[in-house]
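S.K.: Given next are the chains, with one letter for each unit.
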Amino acid sequence: MRKRHTPKDRLITAALHVALAAGLFFAAFPIYWMLSSSFKSNTEIFALPPTVLPKAFTLEAYAAILGDPVKLRFFFNSYFVAGAVTVLTVLIALLAAYGFSRFNFRGKGSLNTLIISTQTIPPITLLIPFFGLVVSYGIFDTYVALILTYLVFTLPYAILLMTGYLNTLPRDLDEAVAVDGGTSWTALWRVIVPISLPGIVATSVYTFLLCWNEFLFALTLTKSTSMRTVPIGIQMLMGQHAFEWNQMMAMSVLGSLPLLVIYLVAQRFFLAGMTAGSVK
Amino acid sequence: MTRQKRSHHKLKRAIAPYLYLSPALLIIGLLMLLPMVTVIGYSFQNSAVLRRDPSFAGLKHYQAIFADPVFWASLWHTLYFTCMSVVFHMTIGMVFALMLNSDRINPTLRNILRVLYILPWLFTAVIIAVIWRLLLEPNGVVNSVLMQMGIIGSKVEWFSSTATALHAVTFANIWAGYPLFMVSLLAGLQGIPKDFYEAADIDGAKAYQKLIFITIPQLMPIIISISLLDFIWTMQVFPLIWITTGGGPIYSTEVLSTYTYKLAFSSYNLSQASASAVVILLISLGLTLFYIRYQKAR
Numbered sequence: 071m072r073k074r075h076t077p078k079d080r081l082i083t084a085a086l087h088v089a090l091a092a093g094l095f096f097a098a099f100p101i102y103w104m105l106s107s108s109f110k111s112n113t114e115i116f117a118l119p120p121t122v123l124p125k126a127f128t129l130e131a132y133a134a135i136l137g138d139p140v141k142l143r144f145f146f147n148s149y150f151v152a153g154a155v156t157v158l159t160v161l162i163a164l165l166a167a168y169g170f171s172r173f174n175f176r177g178k179g180s181l182n183t184l185i186i187s188t189q190t191i192p193p194i195t196l197l198i199p200f201f202g203l204v205v206s207y208g209i210f211d212t213y214v215a216l217i218l219t220y221l222v223f224t225l226p227y228a229i230l231l232m233t234g235y236l237n238t239l240p241r242d243l244d245e246a247v248a249v250d251g252g253t254s255w256t257a258l259w260r261v262i263v264p265i266s267l268p269g270i271v272a273t274s275v276y277t278f279l280l281c282w283n284e285f286l287f288a289l290t291l292t293k294s295t296s297m298r299t300v301p302i303g304i305q306m307l308m309g310q311h312a313f314e315w316n317q318m319m320a321m322s323v324l325g326s327l328p329l330l331v332i333y334l335v336a337q338r339f340f341l342a343g344m345t346a347g348s349v350k
Numbered sequence: 006m007t008r009q010k011r012s013h014h015k016l017k018r019a020i021a022p023y024l025y026l027s028p029a030l031l032i033i034g035l036l037m038l039l040p041m042v043t044v045i046g047y048s049f050q051n052s053a054v055l056r057r058d059p060s061f062a063g064l065k066h067y068q069a070i071f072a073d074p075v076f077w078a079s080l081w082h083t084l085y086f087t088c089m090s091v092v093f094h095m096t097i098g099m100v101f102a103l104m105l106n107s108d109r110i111n112p113t114l115r116n117i118l119r120v121l122y123i124l125p126w127l128f129t130a131v132i133i134a135v136i137w138r139l140l141l142e143p144n145g146v147v148n149s150v151l152m153q154m155g156i157i158g159s160k161v162e163w164f165s166s167t168a169t170a171l172h173a174v175t176f177a178n179i180w181a182g183y184p185l186f187m188v189s190l191l192a193g194l195q196g197i198p199k200d201f202y203e204a205a206d207i208d209g210a211k212a213y214q215k216l217i218f219i220t221i222p223q224l225m226p227i228i229i230s231i232s233l234l235d236f237i238w239t240m241q242v243f244p245l246i247w248i249t250t251g252g253g254p255i256y257s258t259e260v261l262s263t264y265t266y267k268l269a270f271s272s273y274n275l276s277q278a279s280a281s282a283v284v285i286l287l288i289s290l291g292l293t294l295f296y297i298r299y300q301k302a303r
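Protein sequence lines correspond, in order, to chains U and C.
The first sequence begins at 71 in my numbering and counts up by one.
The second sequence begins at 6 in my numbering and counts up by one.
Derived from the structure by calculation, the hints contain no laboratory data.
Among the hints, a few may not be true.
[As the list claims (entries may be wrong)] Taking lysine to aspartate or glutamate pairs in the DMTMM-like style, the calculated list, with each CA pair at most 25 Å apart, reads:
| # | chain 1 | residue 1 | chain 2 | residue 2 |
| --- | --- | --- | --- | --- |
| 1 | C | K17 | U | E245 |
| 2 | U | K293 | U | D242 |
| 3 | U | K178 | U | D242 |
| 4 | C | K199 | U | D79 |
| 5 | C | K15 | U | D79 |
| 6 | U | K78 | C | D73 |
| 7 | U | K125 | U | D250 |
| 8 | C | K15 | U | E114 |
| 9 | C | K215 | C | D200 |
| 10 | C | K267 | C | D108 |
| 11 | C | K211 | C | D200 |
| 12 | C | K199 | C | D108 |
| 13 | U | K78 | C | E162 |
| 14 | C | K17 | U | D242 |
| 15 | C | K160 | U | D250 |
| 16 | C | K267 | U | E114 |
| 17 | C | K267 | C | E162 |
| 18 | U | K125 | U | E114 |
| 19 | C | K160 | U | E314 |
| 20 | C | K17 | U | D250 |
| 21 | C | K15 | U | D242 |
| 22 | U | K125 | C | E142 |
| 23 | C | K215 | U | E114 |
| 24 | U | K78 | C | E142 |
| 25 | C | K211 | U | D242 |
| 26 | U | K178 | U | E245 |
| 27 | C | K215 | C | D73 |
| 28 | U | K78 | C | D108 |
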């Protein structure tokens, strides 16, 4: 046992707590500032000296965002695209992961390496050929263009994540189905899927976040205001008027809600999704 | 089972994995590998994408890029931005992880702080960019506090002066990215066997000796693999820079991704942009090979 409550020991503990407080300020102050600014009027935002708490608390910025059908459309687009990509990604990744996890076949090792290496392909490199393809197939400025392109970035990681999860499940379960004369397809849906929910949730969370955050492709492959997603909407707010900072902050708060909610509700899955690829 | 039935079953078993993988491979093949070949093709064409029958350009576009001082400046900014980001992500992540792992703080406080320290990670690059623009506005809170404390004499235009812009975007990126290291290192710390520290205690080791001879060597595999991934991803950062500075002022924060984007979608020089995109791809692939080798060696 270490000796406790000596003066030196107390000093170290006190110093640690001061450092923790400094760390907290560093991590949280910018976010606090966004939140408090979203409840200020635009003139109070640059008041001198700055007001830590909104002096005249107002919801006018939120009312301006939520009362504007154009901005609500940004939110709809983001939810719709992220939702569609999540469903497709999870389905396709589940099938592929099942193949990787439960079968031995020629080329398995090199396919696995291929999938790991596609994770690091620079988005900007794919942007130019995608732009060419999207224009020539006439799907520029459509949901299809966004959904197809997002799939490419979500799939590799989702496959690795799902394969990692399926590998933790005992093989006896699906082998029992085979002994009973069932095919691997029945084993997948009857046995594997029901017990894979944690893996499916982690993969969905990760995929949704990736789509929700995407900026470069949404910026380039859509054009009309009705097709824009939340990140582009926030950027558009910057150009339009002479900087409605309170509206930009309110929209940022609303745009961060899904991530915050998922994080608070499903912290375990969230962290599993965000770190699995890098720790393994 | 009859022999015929068994061989039929075997055949099914042999084909099955390819069937399960086919949707994924189709998408990755058509939408990732094919476009990669396409972009390499574009980089050797004149007026790629814009003309139906582009002529062969040889290495012209690569020569143009390598002769462009802005390309070299972008490469340098990318390196500075990436190296500083990775080093500070690692340092801050390590310090926070060690602090949270200390047995000197009570468990409830630890859990609350862990959630709060992860916060920057939960925000989209665009939102991070907007937050830092608000904080670092000439009339914003950072200037006003620094002036009151007497650290700066007059308002600093953090994002629009060539002297500070690159440091300011790098700082914003450091703030946004340390939680990945923190979370991974914290998981790593909890995986180090307690006996190691108990043995060191018996030998009378000091805290810093335990850190240098036990903790850091045990965390090394995590530190190396996350640093490599962080390096690859940070090198590709686009939205943060696009929204805070747009690469300016006077190219002072131009990085490879903004440089390429502008070539393609502001100047509509898609051929030259493709050449630049291929250069970025080659750098990324080189680092990725290194990463995969390292992962396999483990």
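S.K.: CA of K267 (chain C) to CA of D108 (chain C), is that 25 Å or under?
M.R.: Given pair K267 (chain C), D108 (chain C) is violated - Cα atoms ~51 Å apart, limit 25 Å.
S.K.: Could you grab the alpha-carbon distance between K78 (chain U) and D73 (chain C) and see if it respects the 25 Å cut-off?
M.R.: Judged against 25 Å, a Cα distance of about 60 Å means the pair is violated.
S.K.: Is the hinted pair K215 (chain C) and D73 (chain C) satisfied, with a Cα-Cα distance of at most 25 Å?
M.R.: violated (51 Å)
S.K.: Hint check: K211 (chain C) vs D242 (chain U), CA-CA at most 25 Å. Holds or violated?
M.R.: violated (49 Å)
S.K.: What's the verdict on K17 (chain C) and D242 (chain U), does the C-alpha distance respect the 25 Å limit or exceed it?
M.R.: Given that 25 Å is the threshold and the Cα spacing comes to 20 Å, the pair holds.
S.K.: Check whether the Cα positions of K267 (chain C) and E114 (chain U) lie no farther apart than 25 Å.
M.R.: violated (36 Å)
S.K.: Take a quick look at whether K78 (chain U) and E162 (chain C) sit within 25 Å of each other, Cα to Cα.
M.R.: violated (44 Å)
S.K.: Take a quick look at whether K15 (chain C) and E114 (chain U) sit within 25 Å of each other, Cα to Cα.
M.R.: Violated: K15 (chain C) and E114 (chain U) sit about 74 Å apart, past 25 Å.
S.K.: Against the 25 Å threshold, does the CA-CA distance of K178 (chain U) and D242 (chain U) hold or violate the hint?
M.R.: The hint holds at about 22 Å.
S.K.: Under the criterion that the straight-line Cα-Cα distance not exceed 25 Å, is the pair K160 (chain C), D250 (chain U) satisfied?
M.R.: violated (77 Å)
S.K.: Regarding the pair K267 (chain C) and E162 (chain C), is the alpha-carbon distance no greater than 25 Å?
M.R.: Since the Cα atoms of K267 (chain C) and E162 (chain C) sit roughly 24 Å apart, the hinted pair holds (cutoff 25 Å).
S.K.: Is it true that the CA of K211 (chain C) sits at most 25 Å from the CA of D200 (chain C)?
M.R.: holds (16 Å)
Comparing the model with each earlier hint shows violations of hints 2, 5, 6, 7, 8, 10, 13, 15, 16, 23, 24, 25, 27; every other hint is respected.
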